[in-house]
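> Residue-level listing of the chains:
There are 4 protein chains.
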Amino acid sequence: MTKRKLRMGMVGGGRDAFIGAVHRMAARLDGEIEIVCGAFSSSAEKSKLTGEDIYLPPERTYGSYNEMYDREKRLPGDVRMDFVSIVTPNFLHFDPAVKALENGFHVVLDKPMTFDLTEALKLKEVVDKTGLLFALTHTYTGYPMIKQAKVMVERGDIGTVRKVHVKYPQGWLTSKLEDSGQKQAEWRTDPKRSGIGGSIGDIGTHAANMAEYISGLKITHLCANVNIVVEGRLLDDDADILVRYENGASGTISASQVLSGSENNISIDVFGEKGGLHWSHEDCNSLYFSQAGQPVNVLRAGVDYAYLSPTALKHCRAPSGHPEGFIEAFANIYLDFAYTLHSKLSGETPDPDYADFPGIEAGVRGMAFIETVVKSGKSDRKWVEFKV
Amino acid sequence: MTKRKLRMGMVGGGRDAFIGAVHRMAARLDGEIEIVCGAFSSSAEKSKLTGEDIYLPPERTYGSYNEMYDREKRLPGDVRMDFVSIVTPNFLHFDPAVKALENGFHVVLDKPMTFDLTEALKLKEVVDKTGLLFALTHTYTGYPMIKQAKVMVERGDIGTVRKVHVKYPQGWLTSKLEDSGQKQAEWRTDPKRSGIGGSIGDIGTHAANMAEYISGLKITHLCANVNIVVEGRLLDDDADILVRYENGASGTISASQVLSGSENNISIDVFGEKGGLHWSHEDCNSLYFSQAGQPVNVLRAGVDYAYLSPTALKHCRAPSGHPEGFIEAFANIYLDFAYTLHSKLSGETPDPDYADFPGIEAGVRGMAFIETVVKSGKSDRKWVEFKV
Amino acid sequence: MTKRKLRMGMVGGGRDAFIGAVHRMAARLDGEIEIVCGAFSSSAEKSKLTGEDIYLPPERTYGSYNEMYDREKRLPGDVRMDFVSIVTPNFLHFDPAVKALENGFHVVLDKPMTFDLTEALKLKEVVDKTGLLFALTHTYTGYPMIKQAKVMVERGDIGTVRKVHVKYPQGWLTSKLEDSGQKQAEWRTDPKRSGIGGSIGDIGTHAANMAEYISGLKITHLCANVNIVVEGRLLDDDADILVRYENGASGTISASQVLSGSENNISIDVFGEKGGLHWSHEDCNSLYFSQAGQPVNVLRAGVDYAYLSPTALKHCRAPSGHPEGFIEAFANIYLDFAYTLHSKLSGETPDPDYADFPGIEAGVRGMAFIETVVKSGKSDRKWVEFKV
Amino acid sequence: MTKRKLRMGMVGGGRDAFIGAVHRMAARLDGEIEIVCGAFSSSAEKSKLTGEDIYLPPERTYGSYNEMYDREKRLPGDVRMDFVSIVTPNFLHFDPAVKALENGFHVVLDKPMTFDLTEALKLKEVVDKTGLLFALTHTYTGYPMIKQAKVMVERGDIGTVRKVHVKYPQGWLTSKLEDSGQKQAEWRTDPKRSGIGGSIGDIGTHAANMAEYISGLKITHLCANVNIVVEGRLLDDDADILVRYENGASGTISASQVLSGSENNISIDVFGEKGGLHWSHEDCNSLYFSQAGQPVNVLRAGVDYAYLSPTALKHCRAPSGHPEGFIEAFANIYLDFAYTLHSKLSGETPDPDYADFPGIEAGVRGMAFIETVVKSGKSDRKWVEFKV
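Chains as they are written, first to last, in numbering that gives the first Met the number 0: chain A, 0 to 387; chain B, 0 to 387; chain C, 0 to 387; chain D, 0 to 387.
Hints listed in this document are in silico derivations from the structure and should not be mistaken for laboratory results.
The beta-carbon is built from N, C-alpha and C at its ideal position, and this holds for glycine as well.
Just to be clear, a hint being listed does not mean it is correct.
[As the list claims (entries may be wrong)] Pairwise CB distance ranges (calculated): (1) P75/B x D52/C: 19 to 29 Å; (2) R14/B x D69/C: 20 to 30 Å; (3) D350/B x E51/C: 12 to 22 Å; (4) A43/C x D15/B: 29 to 39 Å; (5) A43/C x G292/B: 53 to 63 Å; (6) G155/C x R192/D: 33 to 43 Å; (7) L74/D x W382/C: 57 to 67 Å; (8) K182/A x G292/B: 15 to 25 Å; (9) V387/A x S179/D: 47 to 57 Å; (10) I227/A x D156/D: 35 to 45 Å; (11) P190/C x R14/B: 36 to 46 Å.
Whenever a hint applies, use it, and build me the whole structure from the sequences.
This is the structure:
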């Protein structure tokens, strides 16, 4: 391992940007990463203020990512940033990511990966070509119990997978919040900034990613009922989707942002021939394992539980009964990225348990998912093939 | 009110028939109904043994329902049965129901109502013609908190309904139980006895009924993914369905009997413009009411809660914190039937809160639901219209 | 088994008496018991009306229990009641129970058993002398998962018991309800009708009974903080108690009726060297089994769960996932009593799984518990010995 | 506010010290604190390794706290540490804390505060004399919903407090873990390092602190049953305590580390005349508010909930439905300390919502609690007065 903290720059995440602050907390938590610079806003003034908020030296707060990449790469190797974290709206993912890579910086990118599938495929080319490290923050895969579920499916604890149900209910777009000037709502409901997917891009991609991650199966066909529930909105705010998987398994994905009073309780049920696994965000430190004719087993996060898989254990920070949550899950993506980058920089083989973070493939599939759902939503045919 | 217990005969429900025993407990619970006779099995010997088990006089245990109707109608008016409860497998619903009605006996019938839609429509004609009382045991509508949910939607507590999700997961047919000689599994997986629907008939009809009952909306279109998961089975054991309602609301219904380790936890989420209502069978005495920006309210069953609607209150038997469950919900159907029959017999207007039990219309819709789901399952088109 | 329903008379349980109606539902549920007569109220008029409510023939509704015993015993053996269920307030338990026994009638009695310990000991003498069957309705021991817990402790699943915590929070006496004319509150707060214990008699005895039943241990010492929280009340409405058991185990019992918003969620945690068992009334069909370093196991009620003990299974009526509750638990006491009485009447050995209902010993210990708690409440010494 | 991160040194927290790592994560999370130096172990070698683990420059890793204080105070004002975080076992709290203060460093100290009450009172003198900032990490008061509960009691939402129940069950000392070489268990069960309290010091003080914090009431009397459950142990590992509060309210505190399979689910119920508040660690983002005759309200953490008090809101980092847990609660103590220290250093009045962290008074009461519980445990009298 490199004997130093890794140095991170940030693109986006100015004041009022919810997710930027979460990325910073996640990056800081484990002490492997130091935030050294940022281009936090398209407004140089705003960027400067955010830099001050987080105590950056003024000379490391930049007015644009182009400026940042340009200046940082000229800094001495023991000073300049190692990687950039890009937390802007979707339409501002591709260019800063590509340029970062082309300038030799590794990349952490918020989801959905790009504005459209075309960009995603191009970005993949750049990632592949540069060979640099790339992570996509599908946060939910950072939860230890999601990792535990994945391992349990992999090792056959529930037998051949038959059924995957994912529900992602939110309520914050129940009314036309975007008309009130709320920034989060504004860009997420704007096709120019979000792309062709509204809720299916913002949260549907998380749901699809979780389904494929845990089941270990690829979605092959979709049948989507895509809705604009709130009048006057331009992008979908609600979708229910029938899903088929490569092994013949089936299921549903429901994602909506207009379910009044819903918080953010994404949940998944995966059933196989021999048992079922059940997880919900509200109870994120528990994994329920059901088996025919047996008491349900409640597996719990905690460094003291030897029954957990090494992968899950390595992503817990405290003994059982000390709840870890969203920021910790997010931090696990950063921790995985950092450990893998440490290994890469020092020429060591990364620990596969830490290398298990969502990357460019997941990002491409996410963008393909959005396009396929939109296509299916408009189709009179029942099944639309999902392929990349 | 008639000053006596109502007298019930039973068709089906011999030894080993789970649901027959439940019907009897439900009928007994409130002391309004006396079980006076029965034709419990197609085997006269079995019928006799069941009659003995429940302490019927030998002369009131019959070898067939035809015999029962024939003999009972000749008994004096203060002795003969008032109504019959029919708890046989689906293929044995129509004939005993029609003949009961034609012989002047009111009818309680288990669901799904008949073998197919044709029978259902014919039965409706007989019910309409005879004017006799008819109840279908969609148990879940007997739960006080389901009734409370219905009232709350009706009075606008959640605003215009947008979304209805119903999940009905069971696991008892996870493996090919019907090959082991288990009677329940045998007839439910046999197209000759169950009709064209497997799980969608057995439990899907409950789910659809609950969705329409609470939302107050009719389903207009379906898009079904209907599966036979366990190899060699002849009827569906799993289905996921996209649903559209008359007011433009949408949602899903998932019903499966092959979800390993699942018990019987039917659950529903109904969302409107202003709020959401949430109920699950496992926690049947609670109703969760979510509203944007507000603490969730947990409404609870109990005769002491003045905040409950009269309809809900009349279907509770104990103060809050004294859990009532499945048998009580079932008993509420019988209680409603009994009170309404009392009124009918004595020429009084029935209390509408007690007259709110599922009847012939619900039964016809249930059979149409099965046919529509099967049709949709085979169709390449996305939407199939649901009409009766 | 006797080839007939058992015939029950009732003392108390007139209109407005909550628990009387519950007793009747419980007695009816399983079809083993027929309610044939009653002396439902000290007012002959009220008694008559209640008799009519439940469709008794007028000649079997009596103006007093003395009259009832006198008349019933002269009826032919195939008509007269077999046993009496006494559901009056505490001060009216002893005399009707003793007289019933002396007249040859078996007895089911509500708790707490008598007005005071002296009466309890005298009643025990009569029970012992007459050899008639006697049951005390400590409802909670009727729950299948409570029985399962008892068996698991007995067979050593949790090792030697170390700790027993029981909490019984109610809120219905939060304000001075007895001044409003509410009958339940009136007699329960009146020392002339309740005896020396208020909440500790009404619900504390349930808690103590559950602790001893599951742990299989006798309480040996108590240290009680007994309170009258609502001003002007004459009997305790709240108590917290430190408890020591015969094997050196310790724990607490808290029972209160002034905890605002509390329903009736009695809960217990029993810990041994190897594991813990956890049950709460709100979730009465689940039993949580915790063990060091292991996933918690959730055992569930249901006739289909072969992992349950025979004792538990025999007290379930439906497959898992069909919630049974308070009335079913109550009915289990009646079922046990009925099956045991059937055996007794026909000279057979009763099934010990059904003979496991609370009887005279539990009743005596309950009355001793009340006296000991009151004594401890007034004492400056820490520990007061609990002995009968 | 001072325009820089605050600089923290650490005493204790070497490799394998669970709580040291948690303190560091908590300090880092919000980016207000930089860890600049440490004396992580009494072994200079171990200290050095820990310094390397967290990427400290070698010259800022010290062999002892004396050395650290000595050297740091000679560093320039813009380099040297501002405060020290002391995370050693109890017997090593007093000296490093006193010396830090005497050398002009502010102090964050783990609980229980000192080895005994005498030390606590002396430490208070030093804190008072130096006027430096002092925080005690009673983590649980850092939870937003605990703060919300406190505010709700304060503003009268539940009326006059009547009852406070706190349970703190752990299971990790179920067997004699200290004999296996586990460091945490070793010192916590060793009177020379822990002081006279075992579990009552380690977790009982948290429970008492939470009770007083939320209720706003001081404990005045205790009656404790203090036990050594695991044979051969020298300090209590289990205690049940009756409690009386200054306003006449009463309740219980149970704290145990030998409850097999228990994790760390501290829970509290506070009841007043008008309602009750309910919180448990397992479900730390919810606060249940019960009121007589009303639906329970479930308040939830989240920056988007305007119904929360400002105090609670300021201690949330994400919108509702993004679970925050133990590390965030811990970080809230550090955040409060940091904001208050920022204000202090820049001569501003601290925001009272951030100044609400446990300090020297809470620490003194904690030590007095331990002494009173031990005294009561040995006493034959029921009540022992709790005074400082």
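> State for each hint whether it applies.
Verification of the supplied hints:
Checked against the hint of 19 to 29 Å, the C-beta distance between P75/B and D52/C comes to roughly 25 Å, which is consistent with it. Between R14/B and D69/C the beta carbon distance is about 41 Å. The supplied range of 20 to 30 Å is therefore violated. Here the CB-CB span from D350/B to E51/C is close to 19 Å, well matched to the stated 12 to 22 Å. At about 47 Å, the beta-carbon gap between A43/C and D15/B misses the expected band of 29 to 39 Å.
For A43/C paired with G292/B, a C-beta distance near 59 Å keeps the hint of 53 to 63 Å intact. Against the hinted window of 33 to 43 Å, the Cβ-Cβ separation of G155/C and R192/D comes to about 36 Å, which satisfies the hint. Checking the proposed 57 to 67 Å range against L74/D and W382/C shows it holds: the Cβ atoms sit about 59 Å from each other. A C-beta distance of roughly 18 Å is found between K182/A and G292/B, which places it inside the suggested range of 15 to 25 Å.
Distance hint for V387/A and S179/D: a CB-CB separation of about 52 Å, consistent with the stated range 47 to 57 Å. Range check, I227/A to D156/D: Cβ separation about 41 Å, and the 35 to 45 Å hint holds. For P190/C and R14/B, the hinted distance range of 36 to 46 Å is not satisfied, since their beta carbons lie about 53 Å from each other.
The structure is inconsistent with the numbered hints 2, 4 and 11, although it conforms to all the rest.
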